[in-house]
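Numbering (our numbering), first residue to last: 1 to 504.
Don't read these hints as lab results, they were simulated from the structure.
Treat each hint with caution, since some may be false.
What the hints assert, rightly or not - Straight-line distance between alpha carbons at most 25 Å, and here's what the computed DSS-like set of lysine-lysine pairs gives:
{"id": "1", "residue 1": "365", "residue 2": "53"}
{"id": "2", "residue 1": "295", "residue 2": "211"}
{"id": "3", "residue 1": "156", "residue 2": "69"}
{"id": "4", "residue 1": "69", "residue 2": "482"}
{"id": "5", "residue 1": "365", "residue 2": "417"}
{"id": "6", "residue 1": "417", "residue 2": "283"}
{"id": "7", "residue 1": "156", "residue 2": "211"}
{"id": "8", "residue 1": "482", "residue 2": "295"}
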Amino acid sequence: MSSEPSLKKRYLIKLSANVINGIVNAVIVAFIPSILGPIAYGHFVYLQDIFSKLFGFFDMGTSTAFFTKLSANNNRKELISFYLIFSFSIFFISSLILNISNSYNFNSILFPEISTEYIYSGFVLGFLTWLTQIFVKISDAYALTVSVELTKIFHKIIMLVGLILISKYFIIDLTLYLNFNIIFSFIFIGLISIILLKERVLLNLYLSLNKISILIKEFLDYSLPLATINIISLLTGFFDIWLLQKISGSEQTAFYGLAYGISAMCFLFTSAMTQVITREFSKSYEARNIETMQKLFYRYIPMLYSITAYFAIFISVQNENILYIFTDERYLNASFVLILMALYPIHQTYGQLSGSIFYATNQTKLMRNIGYFIHSLGLLLTFIFIYLFDLGAVGLAWKMVIVQFIGVNIQLYFNAKFLNLDLKYFLKHQAYSVLFFIILAIVSSNIFKFNSHLLDLIVSGGIYTLFVIILGVYLPQIFSIKKEETKYLRNRILSYVIKKEIKK
């Protein structure tokens, strides 16, 4: 295998792929909800959510165990053989359960108003989406991030071109859209497999029966503490979307899915870092290098939190313009849902990056205990907001944001204790950085007003970004950057400008 790229290079290429992915998703969100309509799009959102939770349940945290252990020791190729067998066993068992459910007419209860054809297509797409994540984790564990993310960029661009061409010659309905996603999921898995074969990762994967029993015990020891919490997570997650679909209907599910899809674009920067930094935490903990883990935590988590907040707050403030640009008048009632859901990715940063510490350090029992409390609270809030108050998608958005905020800060408390971090620093940073972006977003959005929603968004965004850059230089703590670093950067820029002027 080739030499391992640096952390910075792996992050930058993963970030680039995420940006491309975000642009593609933005284009898709811009016309797919309108083409499908609120009802069909609501069906798609519901199927995606249900089957992602189903495979997340069968996963039981084993994919995290797999990635953590493979990252710590790349020579353990038996882990790959074992997990591929496990993956297809999941597909067989879950498909059997779905067929039994269909035979006894349970699907009409589990999937209100959704036809069997859509259910089975959604099931296949759900499995392929989960399997894709496993293949990406294998590549990240072997530091093949650059090759795979470049492939992801190529794949996403081709996918977008294909979707645009199809929309010109065919009427896109839910069946066509589901099958389109299934085909391109197969293509992406095939492309990653070629890279893994080329790097000899998928070669020599012999696995003895004796080794299987040892690995089963190893994975059970790691994942069993998470088994009960995964069951609770599945049930509460299913209850959330099922109650929304049942009580409020597909239109409200569409509003929630649309707001979630737009807000997910804010998570581009942090999701790019999640698996990269989890790998570094795993390797550092394997070497018992707590100091490196502390430095990584202080350096990257507040910084990525602020970067996410920069995007999220602006989207929340500009909710009406964004909905006018991305959709049609049928989705304008999703405005307040988007205001709330745009805030969700801010603390999702802590949830992903801070949460990776628990997996890297094998603190799965503590993770489970935190989950008991959080899911119980979430279940209560879902019942209150959707069933009692009948708030529909707005209610589910409130629940998501509240539970995320509380859960993340509980995780942060235990991580600060484990790594001997200054908890007050992180809590203060969460507050003043968000306030900083709220003030700038509101001010920049009210300086100029145009008749064009797109022009209004672009000009406001430009002014907002300019304010953030200028004030960020004088308040570098917003992005967890030291004043010496900003001073060095200013000197480099001035030096470059002076050299350019001298050459002229």
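Verification of the supplied hints:
With a C-alpha separation of about 21 Å, the suggested pairing of residue 365 with residue 53 holds against the 25 Å cut-off. Restraint check for residue 295 and residue 211: not satisfied, since their Cα atoms lie roughly 37 Å apart, outside the 25 Å limit. Restraint check for residue 156 and residue 69: not satisfied, since their Cα atoms lie roughly 29 Å apart, outside the 25 Å limit. A hinted pair counts as satisfied when its Cα atoms are at most 25 Å apart, and residue 69 with residue 482 does not qualify at roughly 34 Å.
Taking the CA atoms of residue 365 and residue 417, the gap is about 16 Å. The hint holds against a cut of 25 Å. Between the alpha carbons of residue 417 and residue 283 the distance comes to roughly 20 Å, so the proposed pair stays at or under 25 Å and holds. Between residue 156 and residue 211 the CA atoms are separated by roughly 38 Å; this puts the pair beyond 25 Å, and the hint is violated. The straight-line distance between the Cα atoms of residue 482 and residue 295 is roughly 14 Å, inside the 25 Å bound, and the hint therefore holds.
Of the numbered hints listed earlier, those contradicted by the structure are 2, 3, 4 and 7.
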